[in-house]
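With the hints as extra help, turn the sequences into a complete structure.
By the working numbering, the letter at position 12 of the sequence shown is numbered 29, and the numbering carries on one by one without gaps.
Rather than coming from a laboratory, the hints here were simulated on the basis of the structure. Where a beta carbon is used, it is the ideal one built from N, C-alpha and C, also for glycine. Certain hints may be false.
Straight line, CA to CA, 27 Å or less: simulated DSSO-like cross-link-like pairs of lysine-lysine [said to hold, decoys possible]:
hint, residue 1, residue 2
1, Lys61, Lys21
2, Lys65, Lys40
3, Lys21, Lys55
Quick list of the computed label-pair ranges, beta carbon to beta carbon [what the hints assert, rightly or not]:
hint, residue 1, residue 2, range
4, Arg78, Leu48, 41 to 49 Å
5, Ser25, Arg78, 14 to 22 Å
6, Met28, Trp70, 13 to 21 Å
7, Gly33, Trp70, 14 to 22 Å
8, Ser25, Lys55, 15 to 23 Å
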Amino acid sequence: MSYKPDESALMAYLYGEVEGQEKERIEQYLLQNPEARKDLENLKSVRKIMTSWKTKKLLHRLFSSIRKPGTSPFGIHLISKR
Numbered sequence: 018m019s020y021k022p023d024e025s026a027l028m029a030y031l032y033g034e035v036e037g038q039e040k041e042r043i044e045q046y047l048l049q050n051p052e053a054r055k056d057l058e059n060l061k062s063v064r065k066i067m068t069s070w071k072t073k074k075l076l077h078r079l080f081s082s083i084r085k086p087g088t089s090p091f092g093i094h095l096i097s098k099r
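Next up, the structure:
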């Protein structure tokens, strides 16, 4: 019977959470299955875009709050005690 990793194993591989024999089995599967390899590459691209988007959004919020007194970088309004 041939090995086919499930979706959670592929996601763990994508995030670098797989080691040893399991990693080797997944890599061998990807070598033998070009469509699965292509799907994983597409997921890598989406992950990269999402990481970039999250970073840009966080930086935007940080720098926007610097210009607006009384707000934190995460949109929480700070109340000053007078």
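Hint check results:
1. Lys61 <-> Lys21: Satisfied, since the Cα-Cα distance of roughly 19 Å is no more than 27 Å.
2. Lys65 <-> Lys40: holds (21 Å)
3. Lys21 <-> Lys55: The hint holds at about 15 Å.
4. Arg78 <-> Leu48: 41 to 49 Å: holds (42 Å)
5. Ser25 <-> Arg78: 14 to 22 Å: violated (32 Å)
6. Met28 <-> Trp70: 13 to 21 Å: holds (19 Å)
7. Gly33 <-> Trp70: 14 to 22 Å: holds (20 Å)
8. Ser25 <-> Lys55: 15 to 23 Å: Cβ of Ser25 to Cβ of Lys55: about 19 Å, so the range 15 to 23 Å holds.
Going down the numbered hints, you'll see the structure goes against just number 5.
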